[in-house]
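Starting from the known structure of chain A, arrange chain B on it as the hints suggest.
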Amino acid sequence: MLEESSLVANLFVFVLASFLGLELIRGVSRLLHTPLMSLTNAIASIGIVGSLLITGRPHEDPVITILGTVAIACSSINAVGGFLITERILKMFKKRSN
Amino acid sequence: MSGLVVVAYLIAGVLFIRSLGGLSKQQTAIQGNAFGMLGMTVAIVVTAVAWASSGDLASRIEGLLLLVGAAVIGGVIGATLARRVEMTGMPELVAVLHSFVGMAAVLVGFSTYLRPTAPAVDEVRHIVHAVEIWVGIAVGAVTLTGSIVAWAKLRGSLSGKPLLLPARHMLNAIVAASKLTVVFKRGMAAGYAGVENPLFYLPGTRMLFGDAKKSVDALVAEVRK
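Taken in order, these protein sequences are the chains called A and B. Its first residue numbered -11, the first sequence is counted upward by one per residue in my numbering. Its first residue numbered 1328, the second sequence is counted upward by one per residue in my numbering.
So that you can see chain A by itself, here it is in the shape it has in the complex (with noise of 0.2 Å):
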């Protein structure tokens, strides 16, 4: 049962971790931005918790199962693809430092 506090307390991990992600943004130096775009992207894809949930829940709405099942495809597509994107481009960083 959600209560009061459950509502408070999600709102204090929310502006906690944004002040967070703000510092660790700012300590990434100017020549691994790209990475960083293609990192932040694969960890967007954390959405497909949201839409694992959504999808299993119990239901009989098949409209509900189309949307999750595509959202989850969708997720996945980023989720893995995001993270081997960004690790082809760090490999490149690192063949042209040496």
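To be clear, the hints were calculated from the coordinates, so they are not data collected in a lab. Check each hint, because a few of them may be wrong.
Facing chain B, a subset of chain A residues (Cβ under 7 Å, in silico) [unchecked claim]: (1) -6; (2) -3; (3) 57; (4) 60; (5) 64; (6) 71; (7) 78.
Ranges between beta-carbon positions, derived for each pair [as the list claims (entries may be wrong)]: (8) A:54 <-> B:1500: 47 to 55 Å; (9) A:21 <-> B:1540: 25 to 33 Å; (10) A:6 <-> B:1473: 40 to 48 Å; (11) B:1496 <-> A:22: 31 to 39 Å; (12) A:21 <-> B:1454: 35 to 43 Å; (13) A:4 <-> B:1415: 36 to 44 Å; (14) A:4 <-> B:1511: 47 to 55 Å; (15) B:1541 <-> A:2: 15 to 23 Å; (16) A:6 <-> B:1535: 46 to 54 Å; (17) A:11 <-> B:1510: 20 to 28 Å; (18) A:7 <-> B:1455: 16 to 24 Å; (19) A:7 <-> B:1379: 31 to 39 Å.
Here are the simulated DSS-like cross-link-like pairs (lysine-lysine), alpha carbons at most 27 Å apart as the crow flies [said to hold, decoys possible]: (20) B:1552 <-> B:1540; (21) A:82 <-> B:1352; (22) A:79 <-> B:1540; (23) A:79 <-> B:1480; (24) B:1352 <-> A:83; (25) B:1541 <-> B:1552.
On a predicted model such as this, the values are computed, not experimentally measured, just so you know. No residue lacks a Cβ here, since even glycine has one placed at the ideal position from N, Cα and C.
Below, chain B alone, put in the same frame as chain A:
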């Protein structure tokens, strides 16, 4: 069970933090990427396992096949795209991939609206849900279309020129008020970057042919004499 899930999500979160942190230095960058992969795996596996251990067996197996199938198909597509693309095509691929994330966000927003994951027990909860769904779909849609446009621009299918000047109203007002506007033009192509520009045809406009910087420097030098 839910306690374990929360801890697992916390671990995934920490892994993501370490992942971004790894990008602060060249040497730790690839390690950071590995942390990100690990975090994502933890989050997905824990969610799937937690979901699979609730509900009745028949619908669980059916559902699991569907979810895992979708994820695997998506994963294979993603891996193929990432492996096959050439070096020059990588920014485009990142843009395309990101558009998928936007698409997923929009779809999840729609689904949440159709079937909320938790009952809205009071007015506040209902408003929070509504706002969250609205923002989720809005941002997701912007991501979807914006990323597709970014991909098209990177490919060269769309011109890189932005559609609107930021100070266009003020600029227009200044031009309308001034008696003489001089346009410096270097090339013989029509208009600005190939797009016809009505500014050129205004009665108060004169054109000076040549590189803008050189012309202005020459003018300033003449005036200073």
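Hints violated by the structure (numbers, ascending):
1, 2, 10, 15, 17, 22
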